[in-house]
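**Student:** Next come the chains, spelled out residue by residue.
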Amino acid sequence: MTAPVAAEAVPGHVLGAPRPLLEVRDLTVTFRARGRRDVKAVDGVSLDVPAGATVGVVGESGSGKSVTSLAAMGLLGRRGVDITGSVRFDGADLLTLPEEELRALRGRDIAMIFQDPMSSLNPVLTVGRQITEILERHRGLKGKAARDRAAELLESVGIGDAVRRLKSYPHQLSGGMRQRVMIAMALACEPRLLIADEPTTALDVTISAQILELLRSLVAGSQTALVLITHDLGVVAGLCDQVHVMYSGRIVESAPRRPLFADPQHPYTTGLLASVPRLDQPRGIPLLPIPGSPSDTLPWAQGCAFAPRCARQVPECLGAPPVLEPTPDTAAHLVRCVNPVTAPDVPEVAS
Amino acid sequence: MSLLEVRGLKVHFPIKKGILLERTVGAVRAVDGVDLSVEKGRTLGVVGESGCGKSTLGRAVLQLEPITEGSVVFDGQELTGLTGSELRAMRRRMQMVFQDPLASLDPRQSVSSVLSEPLRTHGEKGPYDARIRELLDLVGLPATAANRYPHEFSGGQRQRVGIARAIALNPELIIADEPVSALDVSIQAQVVNLLEELQQRLGLTYVVIAHDLAVVRHISDDIAVMYLGTVVEVAPSDRLYDQPLHPYTIALLSAIPIPDPEVEDRRERILLRGDLPSAADPPSGCRFHTRCPFRQATRCHDEVPLLRVPEIPVEHGGPGHQVACHWAEQVASGALQPQSAAVPAVDRVPTT
Amino acid sequence: MSLTQAGAVASATTVQAEDAPGGLTRDALRRMRRSPTAIIGLVLIVVFVLVAVFAPLLAPYDPTVQRLDLIRPGEYPGPSREFLLGLDQLGRDELSRIIYGARYSLLIGVVSLTLGASVGLLLGLVAGAFGGWVDSLVMRVVDIMLAVPGLLLAIGVAALLGPRLLSVMIAIAVVNVPIFARLLRGSMLAQRRSDYALAARSLGVTRRRVVLNHVFPNSLAPVIVQGTLALATAIIEAAGLAYLGLGSSDPAIPEWGRMLADTQSSLATSPLLALWPGLAIVFSVLGFYLLGEALREALDPKLRR
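If you're matching them up, the sequences are chains H, W and X in order.
The numbers in my numbering rise by one with no breaks, and the one at position 160 of the first sequence is 293.
The numbers in my numbering rise by one with no breaks, and the one at position 252 of the second sequence is 260.
The numbers in my numbering rise by one with no breaks, and the one at position 285 of the third sequence is 289.
Label pairs and their computed distance ranges (CB to CB):
| # | chain 1 | residue 1 | chain 2 | residue 2 | range |
| --- | --- | --- | --- | --- | --- |
| 1 | H | GLY354 | W | PRO291 | 31 to 39 Å |
| 2 | H | GLN305 | X | VAL57 | 54 to 62 Å |
| 3 | H | ASP171 | W | ALA97 | 48 to 56 Å |
| 4 | W | SER93 | X | LEU156 | 48 to 56 Å |
| 5 | X | PRO221 | W | PRO74 | 25 to 33 Å |
| 6 | X | PRO221 | W | GLY92 | 20 to 28 Å |
| 7 | H | MET251 | W | ALA151 | 38 to 46 Å |
| 8 | W | PRO244 | H | LEU208 | 44 to 52 Å |
| 9 | W | PRO74 | H | GLN305 | 28 to 36 Å |
| 10 | H | ARG167 | X | ALA272 | 41 to 49 Å |
FYI, nobody ran anything at the bench for these hints, they're computed from the structure.
Beta carbons: idealized from backbone N, C-alpha and C, even for Gly.
All chains should be modelled from the sequences, with the hints used to inform the complete structure.
**Tutor:** Here it is in structure tokens:
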């Protein structure tokens, strides 16, 4: 009798906890283009998002972080895309749900905000109309009741003079305001899950700080779970309970935020931290870049995708892909590496 | 002796209206009175958010934008008003590195053509192969790159080509306009290190324009902070972080996320209110007063603050540290407190 | 070797294996080779051109020879082994007429397009290169040209010069001038603002060189696409004008549009006679449309990786 193959540890999974709000299992997204190689943007991603939690997904271009959420929400389209695995929201698999049910879920229970608010807002409709449309569709509010609620929402996201703003068109608002409108629309129906894909990347730093502060306060006051997708480790350091680091379509490290920053294990994570200049540290510390570029990867089937760029590469890294395993000290801290960093490369923080 | 001196620089873009004949009805005051100086071999960082005019400033210094008023003196020579062959002769000595490596390279030009163009333009005699190989080596690209085209490279490699082009004529001054913002985080450090290395090897003087204060602080000796077309604070890099004097700089620094949960939890964020005013119609008096958390009832609204060395203890300031704020001394001493909600981080319930 | 060099070498060695080295033109050609649209379009065009060029060798009969003895008014022999597409109203071999008709269509299309595009591109180049008041002036002239409806213009020219092939060609050429002028001018204005043009200026390259060597070549992509589509349109327009009687008044000339017009009276009895010139127009035009579409996709910078 053969022993069953041990399943990989699931990032974000807490033993004994009630069923998580979102359960992603073995999600794989392959893009097929005529005359080109297939591209596996997401390669077997599993993670759990508990209700009310704030989760960060960190990665650069090519990591698959955005595609993961788009696939989960069914926003990728059918042509040229193969999606396998399961994405269970409150038990129901979003990937197999019929289109009408999925559409009902979107906006009402799951909402998403994107990087570029200008392209996500309809330029020919007023802001007020776009919000009331959602309220009408999912909450059945009409006329004055809908408008009042819309004004309330705009105020809750910090837009002053809300009643007048309802009549504005997107192009009349600044980038920060538009992003606030996006958030207001996303929260209109009090969704249980909010996915924010690079919500502040296109914004100036001071505006971005306002938006992140807004997200933090809105999520803290409610039961909404937040999945924040970004390339900026600084952003997740202040905001997220759990952080997952993605590289080339897989999660390579996952931990609650303090252990991740205090004791990063994966060479990619330590590489990222060491290559970014920090304001709270003395100037003279040299930057240690990660050699190569995100396109210098191995397919996971041939070993560790990060191996070509990794200073800690050993022979075991090539041949079989490394498995996501808990680190010796914390069960919640997972790393996908056969030669993880035991002492951090990150320079000591001057206290 | 400063290699570059900018005095009272103004770049105003006229706003035109009309069907057949266009009248000028106003102006976008992109750069509105800027003084800067850079010593030979040093790096000046210019930071600010979108709309502050820093990119326009960089291009104006290189005479790539029409200058409305003011002077730009390079190595003792006045640049404004130079034309034709005189200007072209000066161009050899100052070059630019652009933000978007894909957009700044002609897609139809091979790398060797890109690198030989400056040489040809300035009358250097061919063949250029040796020089091209030398340039590629300096920026860490293989010699085979010469026959390739921009679209065949990654972002970081393209930026290296852009840098190679900029140093082809052995310039003395390089103005880098957002040299790493378009690159992935893990590649940014490579290019930053390359720029520093080249500065050492070739004795270059840099003006680095960027919105990422952490990167600018790392690479610059001095930093100028811009807001809506004017410089609001100038200081040596260490000073600027340790003791920012201008309310805008203080808010800017407090807004930058730091990858350390302990630090993030303890920070006090100073949030600005409102949005950036229009550069075509800037606020009266101090341009920042409409959003300033330290705004006072007098002077801010009607008096334009000049860039000056504030009267504070030397250890907190110093002669190289100038600020354009009427109340700089009171802000520095703590006599004035920010009015907007300085939001303390939300109490985090420990999860581990 | 410094860290930066190590990093650079690691990254430099992986220029995409799929992209064999080559400029944009080679890249575009490669993409066209893979596109079925391009291939079909190209085949149709090649057939069209070959038929036009080798008409004397391909046509079984002289297209002007009338065989009045073989026909009766209203009854025109349909396809037979002798005359593959039948005879027309004057007993002329339809197939030969169709084949020779390709010559006229090609001639009119190419000549009028070349004329119109040359003038239009010149105007567009001047406007796009200089900008400012030159641009305003040229564009106002172009706007005036656009304001005149093509059909009225054709009628006017025909009234002036008499109904002949030349009138048709001039009319089509004039209609194309503003189209190409605007296209090139718009494309150039956009490219002039690009960073690479600024970079060239910062290197000290003269303004003239920047425009001619950098801006102009990069502005041509939409023009090329428009060129193929305009050729197709020219063929249709020529046929249309001939149908209306504005083309050559010589009844012997086998121009497709004219042939279509001539079949009006006999549609009930010999509908096929209307089918052949119609199909000929459709297939030749289709070829240019398909090629134009494929070109647009191949030259679109956003679709490039």
